[in-house]
Every structure is written in structure tokens, then in C-alpha cells.
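Assembly of the complex is requested from the two constituent chains, each provided in isolation within its own frame, with the hints serving as guidance.
As you go down the protein sequences, you meet chains A and B in turn. For the first sequence, our numbering begins at 2 and goes up steadily by one. For the second sequence, our numbering begins at 5 and goes up steadily by one.
Because the hints were derived from the structure by calculation, they are not lab data. The reader is advised that the hints may include incorrect statements.
Claimed, not checked - Rough simulated footprint, nothing fancy, chain A against chain B, three-plus residues with beta-carbon under 8 Å: (1) 152-159; (2) 162-172; (3) 182-189.
Since the structure is predicted, the reported quantities are computational estimates derived from the model, not experimental observations. We put the CB at the ideal spot given by N, CA and C, even for glycine.
Listed below are the residues making up each chain.
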Amino acid sequence: MNLELVIFLMIAAPFLGAIVTALAPKEEKRWTVVVALLVTMSTLGLAFVTTSGTSDAFFGPLELVVSPFTLTVGPALVLGRLALALCGGRTISASRDNVWFLLLLSIEFIAIFTMSPAILLVAEGLSALLLASRLFLRGQKSQGYYLIMEILILCSALPAFFEQSIPEFSDMPPSVGLALIIAGFLRLGIFPLSTGAMATLSKKFDTTALISVLPVGGVLLLIRFGPTVNTLSSISNQLEIWLEIAAPLLAAMAIAQKTLPRAFGYTLFASHALLALLALDTGPYHVAIAGEFWAAILLSGTGLGAAAYLISLRFGDVNLRKFSGFQKHTPRLSVLFLVLGFALAGAPGTLQFVAEDFLLNTAELDIISTILVVTTISLMGFAVLRMHFRLFYGRDLLQRDFMRLEGREVICLAALTFAILMGGLLPSSVPLVSSVRAQKIAAKSPAHSVQGGIDAGQAKH
Amino acid sequence: MISTEFLQGLLGLTLALPLLSLLILTIGISFGFNLTERRIHQLLGVELSLGLLSASLFFISLLCGWIEPFSVDLGTLIAAGSYDFGLVFHLDILGAMFLWLTMALVGLVGAFSANYLHQDEGFIRFYWLLLAFVIGLEIIATAERLDLVFVGWELLGISSALLIAYFIRRKGPVENGLRAFAAYRITDVGLLCGIVTLHHLSHTTSISALARIDSTTALMVGGFFVFGAMGKGAIVPFTPWLPRAMEGPTPSSAIFYGALSIHASPFLLLRLAPLFDQHLVLREIIFTLGIITAIHASMVGRVQNDIKCSLAYAAVAQVGVMWMFIGLGFYKIAAFHLFGHTVIRTWQLLRSPSILHERHQLLNLLGKDLNPTGRHLERLLPLSVQRWAYRVALERWYLNELWDIVAGFFMSILKTIDRVDRRWSSFMESESAGYQEEKPQKTLTGVIKK
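Next comes chain B alone, as it looks inside the complex (with noise of 0.2 Å):
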């Protein structure tokens, strides 16, 4: 029997490690010491073999029923009157299922990539955000509280946006890591509205507390996580940075949008379940939004022309089968899903830049071509309803285009307003009619023209 407080003290230091290197790699990049690849990809190596080792202890432990769930308070970052922060961290056997598989993916793709990533002038930059993202999801498989879910949400979206645009001399996969995370905030709207709202009905922001609140406030603050979770695991509406998120290198794509950042979203419902336990219409919801993301992924999924997009949509397809999953309520078939899932599209997307050289060399193996794929159930459709369908998935179901009549709309308002404003300070500063833009005060040298 292992006692509590060795587990309460290795689950402590699980989640001190990617903290305690992140701080070296920041304190290493700010004071010019000689950080080089092979040393970084020790420091690595070390904390998530470490953070493998205890997580797999964890899990195995809890999956034995050789232990029982634990927490561990860290302390109390700031408590006035009924309000408090504390950094409690709860482990059960979901939670644990999810460190495990942080920990060995996040090491796999911490060691693919570094041989993928040889020489490239952001190495350090790639690693520093991957150290920042296994703590956001370190901290989202075990807090204990909302509040401290929404620091890993946080972290986890923002450290994805800095890694969509990782390419940073290319317009593009920066646009694209900016409308990722334009998306992620919409939805964070969601997230933290329902701890907020959670806290003023029930005055209390512990996940272990969310079995015993009504059902009329379970509704309320049930939506608003359900709209939370959209954004991160890419459901329709919100599905259209997921394909744009793959312009960042292939390892971060393979661990945020094929493996955990998109699983972070059936995660977060597994964690809130007894929240959706509470009224039959969040179930509903939720199963309605899993069966028309999954539609619609596997649709505009077949016809993409490159793998990793093809992957992408593939992944999708599946998060919404797991939201599926637990719109119906089989909460431990989607945690197995979420499982298998994770690992084996870790794997695609890893392989995905050598597929064409592997299939080569099978053709040369077999000395034939494959049997064709991809005709299924299409063949039962009349022809001109297989021709509109092939054409809406082409469109990728217009929701590229409805995103950006949304956005176009807004702005254009901002524009008027801000047009408006500049007019109204030209007049006030006494300049002639209609606003000028602002010229250059300044010459390439710095020095200031008065």
C-alpha cells in the first residue's frame, strides 16, 4: 500500500517539473548562457521521463484500485471572506488517464522533434512553448477546481496560437495562428462565464461540488461550458481553424490537433459530466453538436487534398463521436475512445510527412496498386445529391465564408465608429474638414523630429 502523503508529494513534484524547467529555459534565454539543442533536449527529457514515470504510477494504481483518489493542496493563492483560490489538485483515474497520456505524448513528440526541428531558428522557441503547454495540461487533467481549469485553458490556447504561428517570417501561418485564436477566445467567453456564474449561484467553483446543484442552474451553467468546450475541440461552427492550425510545424500539430489540445474539449465534458447529469437538455445539446461535427467532418475530411488536413478533419470526425458518446451519457466508452484515439492519430500525423515515401515503398512491395477507397456510402445517393454534397465539402460547408461575413459585419461597424471618432477630434483640434492619417514623426535613424 503506497500512502497518501508519498502520492500527495509526487503529484506536488509531477506538476513542479515542466515549472521548474520552463523557469531554467527562461532564465537560461535571458541571461545569454550557452543553451544548446542537445542540452535543451536533456532538460526535456529528463522532467517528462520523471513526469512519465509518476504518471504511469498514478495510472496503473488507480486503474488496480491499489489506491484511491487523492488531492493535494498546494496553498491558497488569495482567500477574502467565502472567496478563495486555492491550488488544489485532484487525482482520479480520468485525470490520471490524462496526465499519463500528456506525459508520453508530449515526450514522443518532444524526442521526434528534435530531429525534426535540427538547426531551426526557433528550437528554443518550439520547446519553451511545448514546456508551457504540458503545464496547461497538466493542470487541466488534475485541478481540482474551475477556477484552475481556466488557468490551463488559458495557457494551453495560447501557447497553441504561438505555435500556429511558429513559422513567423510567413504571413500565412501567422494569420492563421490569429484567427485560431480568435476562436478560442469567443468560446473562452463560455468558459469563464460558467465558472463566474457557477460561483455567484453556488458559491463554490469545485468540480467535486457540481453533483449537488440544482437543475435550472446546472442548465444555465452547463451551456455555458458546453459553448466553452466548442472552440477547443474544433466543433461546428468553430471547426474552421483547425485546418488553418495546421500550417505549424508537424510535431506541434500532431500533439495539439491530432492528440491533446483537441481532446481537451470531450475532456473538460468528461470532467463536468455530473453537471450534464443534472438536466437531460445538455446531453441533448451535446449530442446534437457531436453528431453534426462529426457529419461534417467526415464530409469535407474525404475531400482534402493533403494528409495532414485530411488527418485533421479525421480527428474531428472523432472528437464529435466523443461528444456523442457523452451526450448519450457512455461517459467511460468516450474516456476509452478519447485513449485509443489520442494515441493513434499521434502516430498518423507523426508519420504523415514520410507517407508518400512509405507508400512508394509498399507499391514496390506488392507490385500493384491499392484497391481504390473511399466508396461507402455515398453510392446509396442519387447522383446530383452526391454532386451537391461533394461540393458543399469541398466549400467546407461555407463556414469559412459565414466566419468572415460575421467578421466583416463587426468591423465594418468598428470602422464607421472609429471613423467618426477621428472626425470628431480633427474638429476639435481645429484641422481641416475630415481626418488625415497620421504621418511619421520619426526618420530610420530614431531620432525624434520636434
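With the rest of the complex left out, here is chain A (with noise of 0.2 Å):
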């Protein structure tokens, strides 16, 4: 198999998909979607088999690199958008905002798959751009502002960029780097820039509220740039403190929300708060915690903002006060619930929970860091179960018979559930994970561990 082919099908594919959704009929929309979703986790899986899952590859143009890392965060990030356009219905998945999704995917996809860092920026302030004007569009204007912020620290960033190749992240000057990862925080909604994200969450809960607070842009900005802010001890200890506070409150607040979407808002903020804080550390084994993290966050945090998805759809808003009682009419939802929330939560026997552990026990974190990561996590656990007990438990005053889920509903939030306790209870099929690559890794000098993917730096060169 031809892997230039495989890599340009993977980009292609959700951008053909997102002109094909825009010029087909109203009813035809959502199984364009879902086919350009399909054939998209198809070439991933042509470029799993093509590189035996294991090997780097290079595709010249935008510099894209088949990576462990990559082939274990794309399948994750379609995987969940495949579920949210299955779980939106008729009504949602045929809207105009499918177009945007696929055109974002495909401008992701070259994200996460490139090397070059003036190509990733150029990237992230396009997707930055079409979230913000879709935002503005909506109404939404808060996290526009926000995302514009973001998109005018990118621009100014960018000319830095254009001169450097990957090995010489440690030359950036310091209000460079520090300027990046404050854009990569301006989309990871980190306290107190989740303001605007949760402001849109509020306001529309559906599925591009949804994907446009999944802050896929924040986490590679991080995780590509944010060891490189480590060499300079003054501002990464500033960022870390800041995250440290930023992560438990985010969970704390979850548990004090009154609506659903901004209790899930939260909780889905603390755990990226979590990756944010794994993704500036500078230990040899980041890279493949990091990346599994955010696989694991991708397909719970999908997973669960589905499920609360599919009650607001039906419900409406649910007073977190008062005890809905919703477990009668749907007890599939209300295990799927609970399952996807405590993976997003980092229960055991989930992906999260394994990523969680090798982050604790191999990031260099100080006793009282310790404690607030560990802080954090309980929280989040915490948070889940209240929103639980409060939809599902308590008297069923109504008869809600429409509250029953439908079968590809079933289906989206099954198989969410099913990748999350197979890569828990079976870490080592994941490619990131498999105990020979995260050894390769380590064996590594650090240098060569500094960015996401970076392995495959070494091999360019």
C-alpha cells in the first residue's frame, strides 16, 4: 500500500466530505457525514496496517508523519465525532454545521499529522477562524472572543516559526513560547479562560457546542510547544501553579453547577487541565502518557457530552437540584452514564485510568502537586456521580416514554464505551501504549522527546 496515498485520502476525506454535505439534499446530509467519517477511519486504519502500527512515515508536502502517537489520537478524535454525528439525529447531523465539522477535522488532521510548526500554527489559527466565525454566526460571541484572541497570538507567533525547524525548539524565545501556550489555554478553557467556552455550552448544548469547546487545537499546541517553555524554569513553574490551582477548582466547580451542560463543561475542563499540566512536563515518557491521555479524554469526554447531549435534546434543561428520575425510561443510558462519566473521571479499568496512573507515577511532580492532581481526579469522580444520582434517581413524576434511546444511539455511546474499557482492560493493543514502543521512547534522550511525534524527527533527519 502506497502511504503518501493512504496519508492524502485521510486529509481528503472529511474535506471532500464537508463539499459533498454542503451541495447534498436536507435529508441526505447526515449519511454524507457519516460515510466521509467512515472512509476517514478507514485510512487510518490503511495507515495502522501500512506502517505495522509501529514505524514512522513521512509525507513531504505539509511534512505528515504516521506516528504511534498520531495513529493513536486520530482514530479517537473520528471515533467520537463519528458517535456525536450518528447521536444529533435528523435534525442536527442534516445542519449546515456539519460542514464546518468536517472542514475543521480535516484541518485537525493535518495538524496532528504535521511536524512542521509553522504549518501546525497556520493550521490551528484556520480552524481557530472557522470556529470563531461559525460562533459569531450562532450568537455565541464570548468563546468567539476568546478564539480571536487566540488566532491574533498565533499571527504574532508565526514569523518566529517560519525560520525554525523542530530541533531548535530550544532557541525559541521565552514570549513566544509563552504566548502559545497561553493560546493553547485560551482554547482548553483553562480557569479562568473557560469562561467563554462555558458560556457557549450554556447557551446551545448541542454537537458544535460541543466539538467546538473539545479543544483538540489547545492540547497540540501544548504538547508540541509546551516542553519546550520548560527549559525556562521561571515561566513553566508559573504555568504549572497555575494549572495546579486551575485543575481542582475546574472539578470543584463542576459539583456546584446547577445545569448539566455547564456541570459536563467542567468536568470535561478539569480533565483537560489535567493534560495540560501532563503536557508541560519535560519526562522521557510524556509524549506517550500525553497522547494517551488525550485519546482517553477525546473518547470519553465525546462519550459522555453525547449522552448529556441526547438527555437535553429530550428534556431540555435539567435542574442538577432536583432529582430528575430518568433511570426508569432509560436504564441504558443511565449505565452508559455512569460508565463514559467515570471514564472521563479516570475509574479503573478504563484507558483514562491507566493513562492516569502512568502519568502519577512517572511525572516529576512534587508532593503538593501530588495531591492536587490526585485532588482533581477524586472531584471529577465526585461530580460524575452527583450529575448520575441527579438525572437518573429520584421519583419519575412524568411519563417520558420519548426519553427511551433509539438504536443508533445505543450503538454510538455502546461503542465509545466498548474502545474506553478495551484500552483499559487491554492498554497494550493500543499503539501508543504497546510496552515495546513506550520503551523505544524512553530509551530516548530527552531532546529527542521534546514534541508529540518527535521520534519520527529523529528519523527525518
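Put into C-alpha cells, the structure is as follows:
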């Protein structure tokens, strides 16, 4: 199999899907979306087969790399979006938002797979621009403003990167590094920069809002550039303190919320704050951990978001200070919600647990940081159980037959749950986590493990 | 002489059986198979009978010295450099005792529940959670590494909270389940921090390596572990969740809060005993917490007016005594106490629903009232002190109020931050000053209003 062709198809499939979806009649739109995502998923599978899942491969013009890192994160991203598209139903899936989704997916794929910092910045700037324009069109201005700030930061940093190749990240000017991390924080919803995303979630809690706050770009910026800031100890210490305070605070905020979207949003952002903390770590395993952790968040976060969205779709806003008693009408959703929620909070047997255990035991955290990280995990678990109890337990006051899940919705959530559980019980099946691979990463010098997929960079040079 | 390979295989099978049963039950529920009460009961019966047989073999063989403690390696979950998450299990006499208790008592409760929960809407849910509980306890009893112990500990916590909230239609049990879970999560921070710190400082989480770490590390890590064990054992100030946990069905109260779950706390301390031997301060802390808990639970338990709460506090008092034994270094006495108390308390709790009936029968047989009890040492105290002690006991040492104040304080801070956050977003959205609560977007028919 020609790998260049596979990579080209991987980028082109969602892009072509976006065009076809835009042109397709309304009733056909959701199928074009699903087909485009399925084709993308197939190309990822082909890439895995072509590279045997372990070796790196390059594709020239955009400096794209297929490595275990990309083969872990890519499928998680596509699977999550596929589930969202299917869960969205006829009304949502037929909307124009899907065109935006597919375009964004195509761009984010370039960002994930590229090893060129300049192309990464351009791609992230473009995706932020697309998101911002869509949000302004929908009247969700606050997150739009944050995204514009991010675009400005990226544009100001871009000239510094055109002249540099990857191994020279250590020469990055401190101000540029800091600016890029702040841009990542803006996208990740790190407190207090979570205001815009929370407002977006509260206003219209649908798939668009969900995806717009699933901060792919922010994670990428942190993973690629975070470790380089670590060479500047004064700045990285300040950033770490920020994250260490923000993570438990975000998790605690989830407990205090009255509405489901905000409670879900804060839980999601708390897990992203943990990921950001991890991405700034310079430990030799951080690439493996960050990638696995990211894939786990993508799967469980999307799954929990989809489950929460299905409830909102049927019932509107749910008051979490009261009991709603949905259990009787949707027992399957109740179970799936609990599993996906606990997966996001890192319960044993899930992919997130493996990643968290790996993170906690290998990241260079002091006692205070350890306590704060563990407190965040603990609070997230409590927030999830609180959401579950308030939604599904209590007296059912009304007959709500429409609460029952449809087949496609069950399949979507079950597929995500299955992926999370399989990843947790058989983590070696995850390309990035296979022990041989992780040991290879460990064997490399810290200088070579600076960016995600940097192992590919070594092969290139 | 029994071969080691056979024992290893048998232990692996014992650990796998509940997992297999849980899988069968999950598949059955997911795909809508006809899972009658009888079939579920048979499934659990076969699994626990086999488990009890093998646990008895392990326990008796180890007790009589026919076999030596042994380990079984079921593979590695994840490995990278010096870090690995190995599925290594080790069976010694302490673990075999707890494994036997698990199989015997869960089997007993399982059989009891078949009638007790007959035609209850949560019948399947109860047995599913009971199996998750068994898996958690098996892991705690046999895990050789503390990472694995944490897995079992988490399973125990989650299944416990869900069983307290078993009666899902009633608000009280559900709120109480949440409160119990909050206590668990707070103390789980200690356990996980202890494991992580131990790994950072000594590069291992193996229980067998605990005896070799230095005293400074032992003090820090041991402090975390003692805190971690406080929640499940309902040690002061984490006692208030226990009477609330009694809202669950009686079989789950018996197995969780009379028997195995609450005793997981002294069991963990016994497992970590080599660590506490490294530093006297740790043992002093354990002893102090134990004696405070024993006094608290004894005082409060005597003024309770329902049998389940009374038994719950009696169980906590005995757990406090076990902590005292551990603090004094009497590990064997603590283990023996754990074994005996677990069995007797389960029996008492299972009989508690019919206690009034039995009392009436007893009175009829005796033909007269029983001698009044409950006058013990307090007679030596002045009347004013007696009254004060009664009031304090009735208020359960005001621990509930203390936790309410602490939770209220943090919640008020969080709500203030939330308010500021919403106002800021309202400003950015160019809406009128001050945020407004979101209005429902959907109608009851599920159609979105755009």
C-alpha cells in the first residue's frame, strides 16, 4: 500500500465530505457526514496496517508523519465525532454545522500529523478562525472573542517559526513560547479562560457547541510547544502553579453547577487541565502519556457529552439540584452515562485510569502537585456520580416514553464505551502504549522526546 | 504436598470467576436475555461455591503450614522503562483469611438476598453490584502491589455508593449514597497520594518492599495511607456517613457496613504493617484515631433508636479497637478480632429485620421482661456530666454539623466564583447586566426550538 496515498486520502476524505455535505439535499446530509467519517476511519486503519503500527512514515509537502502518537489520537478523534454525528439525529445532523465539522476535522488532521511548527500554527489559526466565524454567526460571541485572541497570538508567533525547524525549539524566544501556551490555554478552557466556552455550552448545548469546546487545537499546542517552555524554569513554574490551581478548581466547580451542560463542561475542562499539566512535563514518557491521556479524554469526553446531549435533546435543561428520575425510562443511558462519566474521571478498568496511573507514577510532580492532581481526579469522580444520581435517580413524576434511546444512539455510546473499556483492560492494544514502543521512547534522550511524534523527527534527520 | 503451579492456577481461577460471572450478567442484561431471579441466583451460587472451596483450601493449607505463601503473575497491563503495572497477586495467611471471609459471607448474603429481594425491581442491579464488590475485595485481599489495591479500593467505593442508593425512587438513600461517596473520595486522595509518593521515593509499589524503605519515607507515605484507610473504616471524623449508609437494603448493609467493606480499613493497615513498624509516630497516630473512634462510636451507638444504626456504631467501635491493636503492634490479635467480628456482625445485621419478632418470642418464652441493660460506667459520673455526655452522643458529637459547615463554606466560595464567571460571560455576550438563568430550549416532544 502506498503510504503517501493513504495520508492524502486521510486528509482529503473529510474535506471532500464537507463539500459533498454542503451540496447534498437536507435529508441526505447526515449520511454524507457518516460516510466521510467512516472513510477517514478506514484510511487511519490503512495507515496502521501500512506502517505496522510501530514505525514512522513521512509524507513530503506538509511534513506529515504517521506515528503511534497520531495513530492513537486520530482514531479517537474520528470515532468521537462519528458518534456525535450519529447521536445528533436527523435535525442536528442535517444542519450546516456538519460542513464546518468536516472542514475542521480535515484541518485538525493536518495539525495533528504535521511535524512543521509553521504549518501547525497556520492550521490551528485556520481552525480557530472557522470556529470563531461559526460561533459569531450563531450569536455565541464570548467564545468567539477568546478564539480571536488565540488567532492574534498565533499570527504574532508565526514569523518566529518560519525560519526554524523542529530540533531548534530550545532556541525559541521565551515570549513566543509563553504566548503559544496562553493560546493553548484559551482553547483548553483553563480557568479563568473557561468563561467563553462555558457560555457557549450553556447557550446551545448541541454537537456544535460540544465540538467547538473539545479543544483539540489547545492540546496540540501544549504537547508540541509545552515541553520547550520547560527549559525556561521561571515561566514553566508559573504555568504549572496556574494549572495546579485551575484543575481542582474546575473539578470543584462541576459540583456546584445547577445545569447539566455546565457541570459536564467543567468536568471536561478539569480533565483537560490535567492533560495540560502533563503536556508541560519534561519526563521521558510524556509523549506516550499525553497521547494516551488525550485519546482517553477524546473518547470518554465525547461519549459523556453525547449522553448529556441526548438528555438535553429530550428534556431540555435539567436542574441538577433536583432529582429527575430518568432511570426507569432510559436504563441503558443511565448505565452508559455512568461508565463514560467514570471513565472521564479515571475509574479503574478504563483507558483513562491507565493513563492517569502512568502519569502519576512517571511525571515529575512534587508532593503538593501530587495532592492537587489526585484531588482533581477525586473531585471529578464525585461530580460524575452527582450528575448521575440527580439525572437518573429520584421519583419519576411524568411519563416520558420519548426518553427511550434509539438504536443508533445506543450503538454510538456503546461503541465509545467499548473502546474505552478495551483500552483500559488491554492497554497494550493501543499503539502508543504498547510496551515495546514506550520503552523505545524511554530509551531516547530527553532532547529527542520534546514534541509528540518527535521520534519521527529523528528518523527524518 | 500441593504443587505451586496448581495453587497458582487455582488462585487465578478464583480471581477470574467473579469477573466471568459479571461479564455473563452484563451481556445478559445488555442483550435482553431472559435473566430470571433463579438463573442469577444459580450463577452466583456456582461462582461463590467454587470460590469458597478454593478459598477454604488456601486458608486451611496456609493455616496448617502445608503450603508456603505464593504469588501468581497474570501478566503486565502496561510497562515502560522502570514503570510497570503488573497483575501480580500474592496469597499469604492474612490474604487467605480475607478471601475466605469474602467468599463465605458474600455467599451467605447472596443466598439470603434471593428471598429478601424477591421480585424487587433492582434485583439484577443488586447482584451485579455484589459481584463488582466481590471483585474489588478479591483484589484487595490478594494484590501484591498497591496500584492493584487501589483498583479494588475504587471498585469497593463505587459499588458501595450505588448500593446505598439502591432505592432509587427515594431521595434520602440517594443523597446518603452521595455523602458516603464524598467521604470515600476525600480519603481516597490519601491512598492514591501514598501510592504515588511511594513510587517516586522508592521506585516500587510492591507491598513486600515496604519493610525496606527508610523511616522518613515511611512516615510520609504511611501518613497518607492512614488517611486513606480512615474513610472506609468510618474513623472519626469520617463516621457520619455510616448511619446514612444504612438506608440501603439490609443484605448490603450487612455485607458492606457490618462485615467486609468496613473491615477493609483495618485489613489495609494490617497489610501495610511493615511500614508502620518503621516509625513509631505512625503507630501512635493509628492508636489515637482508634481510641477516639471507639469512644465516639460506643457513646453514640448507645443512644441510637434503630437497630441498624446501633449495630453500625457497634461495628465502628470494634473497628476502632482493631485500629488500637494495630497501633499497639498486636497484629495477630487485630487479625483474629477482624475475623470473629466480621462473622458475628454479619449474622446480627441479617437478623436485625426480625429482631422485634424474636424479642417477642423470647419474652413469651420467659414469661417476664428482660433485665434492663445499658447502665455501666456512666453511673460513676456526676449527673451533669452524664447529661452532657447524653446530649453530645445524641448529636453524634456534632460531626454532621461540622461537615455541613465545611461543605457549606467551600460551596459558597464556588458559587461566588460561578456567579462572577456568569456575569463576565453575560458582559461579553452583550446581554443585560447580571446573568439570567437559562431558559429551556426544548419542548416535551423533544423537538428543538431554533
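Going through the hints against the structure:
1. Only when three residues or more bring their CB closer than 8 Å to a CB of chain A does the claim for the segment 152-159 of chain B stand; here the count is 4, and the claim holds.
2. Judged by the Cβ-Cβ criterion of 8 Å, the segment 162-172 of chain B is covered by chain A as claimed, because 4 of its residues qualify and three suffice.
3. A count of 4 residues in the segment 182-189 of chain B with a Cβ less than 8 Å from any Cβ of chain A is obtained; the coverage claim is therefore met, three being the minimum.
When the structure is compared with the earlier hints, no violation turns up for any of them.
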